[in-house]
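2 protein chains.
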Amino acid sequence: MNKQQLIDNIRRKQTFLCVGLDTDIKKIPQHLLREDDPVFAFNRAIIDATADLCIAYKPNLAFYECLGTKGWQALEKTVRYLREHHPDQFIIADAKRGDIGNTSAMYARSFFEDLKVDAVTVAPYMGEDSVTPFLGYDNAWVILLALTSNKGSHDFQLTADAQGERLFEKVLRRSQQWAGPDQMMYVVGATQGRMFEDIRRIAPDHFLLVPGVGAQGGSLEEVCKYGMTKDCGLIVNSSRGIIYADNTENFAAAARQAAQEVQAQMAVQLKAIR
Amino acid sequence: MNKQQLIDNIRRKQTFLCVGLDTDIKKIPQHLLREDDPVFAFNRAIIDATADLCIAYKPNLAFYECLGTKGWQALEKTVRYLREHHPDQFIIADAKRGDIGNTSAMYARSFFEDLKVDAVTVAPYMGEDSVTPFLGYDNAWVILLALTSNKGSHDFQLTADAQGERLFEKVLRRSQQWAGPDQMMYVVGATQGRMFEDIRRIAPDHFLLVPGVGAQGGSLEEVCKYGMTKDCGLIVNSSRGIIYADNTENFAAAARQAAQEVQAQMAVQLKAIR
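Just so you know, the sequences run in chain order A and B.
Each residue of the first sequence is one higher than the one before, starting from 109 at the first, in our numbering.
Each residue of the second sequence is one higher than the one before, starting from 109 at the first, in our numbering.
Nothing false has been slipped in among the hints.
Which copy? The list can't say, so a pair holds if one copy fits it or any two copies do.
No more than 16 angstroms apart at the CA atoms, straight line, and that leaves these computed lysine to aspartate or glutamate pairs for EDC-like:
id : residue 1 : residue 2
1  : K185      : D145
2  : K224      : D196
3  : K259      : D237
4  : K259      : E236
5  : K178      : E143
6  : K224      : E184
7  : K379      : E329
8  : K135      : E357
No lab work stands behind these hints, which were simulated from the structure alone.
Kindly produce the complete structure, drawing on both the sequences and the hints.
Below, the structure is given as structure tokens:
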């Protein structure tokens with residue numbers, strides 16, 4: 109999916125919600141454990157209940173890998189299901205990969221050629237040649253970690269160099285030499301509040317993938333106030349707040365309701381840029 | 109495996125070689141493609157040919173993930189084979205993971221509870237709470253990226269803060285508050301030469317996992333000169349130089365010969381600390 113298609117989807121559906129598929133077999137409703145593939149059954153139900161309210165899904169690879177081959181199958185089936193039944197969805201593999209060139213090239217092959225997702229999250233620590241192998245595909249995106257939502261983001265990301273430039277700012281600035289806003293996005297945690305102002309000074313046109321609304325405590329209003337662009341420029345993720353809204357047989361309807369509440373707030377925010 | 113066992117293995121076998129299982133189905137000998145599981149068949153032959161010459165194996169997750177469920181199976185079989193037939197080997201999942209706490213906890217579960225490896229490589233960008241979930245297991249190690257072997261290591265890892273401390277030094281220093289040398293190692297590329305001196309000033313007792321000898325051009329002698337401790341303190345990895353020494357039916361014998369050459373050089377270096 110290219111940038112214009114993503115923007116069109118946001119305007120048409122009046123939402124910039126990404127539903128995080130952090131599907132934990134220990135947390136899904138009991139009755140699904142009778143299914144052949146409980147993780148896929150859960151995902152399919154969540155997707156069908158929320159697809160008109162969001163523009164992206166973000167499976168978190170950790171939750172699939174921890175089930176070994178079964179988890180990997182559930183992931184493949186989930187992506188294929190999205191492609192077949194909800195082709196307007198932007199699919200993000202939240203993998204936070206990044207390695208030396210030939211290894212990153214293998215990861216890129218997995219995600220873009222085999223799994224066929226639209227975007228992969230990548231960690232910047234190893235620099236340019238760990239990121240660029242992900243950039244050799246059409247309509248495929250790198251979402252680079254910039255300023256994350258967790259407490260540990262303060263350990264290294266905020267360290268300023270002798271000129272006062274903080275590490276996350278250096279990542280934003282330098283990575284723009286590797287790809288433009290048509291191929292790269294950045295992860296910025298919703299918990300970072302006014303830091304979105306600083307980020308928009310360096311990356312005014314890039315889409316930002318924003319985790320941390322909901323369970324992690326970030327505010328949608330604040331994110332929009334400081335981070336929204338004329339094209340929206342935001343994909344705001346919610347995982348636990350939506351997919352685990354309820355863990356009875358009513359889980360899909362409850363997920364839908366939780367997504368509806370977020371979508372309604374997003375529609376209000378989008379009015380500001382009409 | 110604990111630190112003393114690792115040191116004992118190094119002394120007994122007179123080697124600190126790690127063989128990197130970067131098994132690429134496109135590079136393995138043609139005749140193996142007739143096997144049910146060519147990747148596992150290749151790994152098993154390489155392992156049996158080299159196990160007395162090395163103390164560790166390091167499957168690189170990218171090369172397994174790119175084959176989807178089949179790759180994951182080959183990885184599981186490889187680890188199980190090592191556990192059953194070569195229980196003195198230290199097994200490193202080269203995964204370079206790192207995510208918010210609950211996600212890192214899922215990765216830790218995959219690697220330490222399900223796959224049952226000894227160590228996982230972890231990227232430090234997201235800070236403390238992305239690393240500590242990997243530290244909750246007995247005799248299980250985090251190998252944190254410090255100064256990597258690739259060109260991109262210069263992009264961010266060498267950036268100095270206002271006090272002159274470089275990012276990789278900050279990672280070495282701060283992460284020592286999270287775990288000691290009995291549970292944490294660091295990745296330092298063999299291409300970094302004299303930087304090993306700086307690293308030993310901050311981390312005198314930690315084991316270092318050193319990629320970059322061989323195909324990437326690092327020198328074993330230089331690594332030992334500046335990085336070796338009285339307990340050796342080094343695990344030097346070679347992947348392509350050993351496993352792809354030959355791609356005919358003779359590949360395993362050729363891998364053995366390549367490993368033998370490295371082991372002989374290592375035995376010479378180990379004499380210095382006897």
